[in-house]
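Residue numbers (the UniProt record's numbering), protein chains in the order written: chain F, 1 to 308; chain W, 1 to 272.
Everything labelled a hint here was simulated from the structure, so no lab data went into it. As the structure is a computational prediction, the values presented were derived from the model and not from experiment. You may find that some hints are simply not true.
[Stated by the list, open to error] Here are the simulated lysine-lysine pairs, DSS-like style, with alpha carbons at most 25 Å apart:
hint : chain 1 : residue 1 : chain 2 : residue 2
1    : F       : LYS113    : W       : LYS9
2    : W       : LYS9      : F       : LYS17
3    : W       : LYS103    : W       : LYS9
4    : W       : LYS163    : F       : LYS17
Here are the chains, one letter per residue:
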Amino acid sequence: MSSTALSASTAAHRRSKDRRRLGDNIAGWSFAGPATLVILGFSLVPMAWALALSFTDSDLMTPGRNVGLDNYRALLEDPVFFQALRNTGLLLVLYIPASLVAGLLVAVLLNRKVRGIGFYRTCFLVPYIVSATATGLLMGFIFDRDFGLANGLLAKLGLPIQGLLSSPSQAMFVLTLIFFWTRFGFSVVIYLAAIQEISREVMEAASIDGAGWWTTFRHIIVPSVRPMTIFLAVWGVIDALQFFDLVMTTTKGGPANATVTIVYYVWQLAFTYSTAGYGAAVAYVLFAGTLLLIVVGLLVARRRGVTT
Amino acid sequence: MRRLRLPSKWHLVLAPMSAVVLLPFVWLVLSSVMTQAELNRFPPAIWPEGVDLGGYRTVVERSNFLRWFLNSVIVSGAIVLAQVVLCSMAGYAFARIRFVGSKLVLVLVIATALIPFQLTVIPTFLMFNRMGLTDTLGALIVPQLSSAVGIYLMTSFFQSFPKELEEAARIDGCSRVAVFYRVVLPVARPALAALAVITFITAWNDLFWPLVAINSEDNYTVQVGLTTFQGQHRADWPAIMAGTVMTTLPVLAVFLFGQRRFVQALTGAVKG
């Protein structure tokens, strides 16, 4: 009797537990479902679709024919694609180290109690929140060859006037500078938050031990913010490889394709030349390249983290 | 004896640095009240001789700017509202409720942040095109109803938040929904504000997708409209600069007003 009572009570217990688990599943999915569905629906579905498109000659309007690997083969002989790779690569190589170094240095400078420090911190974020369209129009005028403020200043200083955004050899450098100006506030904020987390004891111990500015920077700050450096490098790669808006609002890829970036090229291919299948192939190659770059970068960072 | 406190010597470094960062915007505002003659000569004027509102008048009277502005307000407003509701619900579920597949789905959602938009933009355009929804404001809102960043932000906020309050309410017999609305949301206000600020700035500034999805001028957002200024008001630089100022003011206002929350959202350190 006692055993049946016991089993009845465990059965009832199990039933109530099952019911609670079912309730949790229903609650969990109805809370998380809508948001998740939107995100996965607008990322995984298009991602698979884009892969399918990259094997067709889709022009966005009519259903495309299957062309196998033709798009990927055509890519290897496309000079504009390689130009876009070079331009995007240049941006990456200049921007990532510059934003890390400048971001950390400015963050260190901003990490002190000075009257009005809040104002200074705000300043560095303003370019980050202004839209690329607005920045593009403003900078397009400042760096205009014929009417711009930049050449105006050079002229006033008695220096030779430069081609700037109209010069095939200078335009990409000018765009990189503008991109850097709009983005490095983000590195500053992330680094500043990380530096503020370093415990006061560690910093005080260092200063009692007579560590100078450089020693503190090199042996305490740089290692402590290392996770942020890795995060910012990864984020910077993603961000820089997607460089589009500023090109659109300043040079439109010119002069002579000197500022065509990969994403600008994808946009052109799909939405102005109506070669969406080919555009999808270019986008996929960029995506694969990005992943590869990030994975290799993280492996290198980990190995160096182990040895040092 | 009182010591006189001199301003810190650090201002000598910080002030010029922030000036370099900020001066282009100062000049943007100045140039928007210049005359065409002041901007169309070389070198352009640095300081306006007087306040000329001709540029602003051109923008308001000779373009659809106010309509675009309204479109942007509608689109960004809807996106912010949807994300605050949907992302906070999802974040709460991922942080608190044990349900089948929650870990996997959360990882998938966060991983989608790595998928570049240029990869998904062509099929997304085709999707909306087949449904006949391109060239509508809805097409701009629907893909942004929730975001990986928003879910991540809200999940980590709820994870860092003590459970005791909710558990007490649950024991008192409140349902999940009641607990969420009466107990959780009121304490999540700082996180919701951070999410709202960062979402508004992103939505307001978006250019790529509206450029692709919208054709007719009546449905432009301010950003798309602004890009047409270069062609439409060629050489009317005061008008272009005035349009740029007007496009920037809302984000600047939201940023200055919600700066603390914005920084917390960027650093993922939103706390109660």
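A quick look at each hint next to the structure:
Restraint check: the Cα-Cα separation between LYS113 of chain F and LYS9 of chain W comes to about 12 Å, which is no more than 25 Å; the hinted pair holds. Proximity of LYS9 of chain W to LYS17 of chain F is assessed by CA-CA distance (about 66 Å); at most 25 Å being required, the pair is judged violated. With a CA separation close to 51 Å, the supplied pair LYS103 of chain W and LYS9 of chain W exceeds the 25 Å bound. Only pairs whose Cα atoms come within 25 Å are accepted, and LYS163 of chain W paired with LYS17 of chain F is accepted, the gap being roughly 21 Å.
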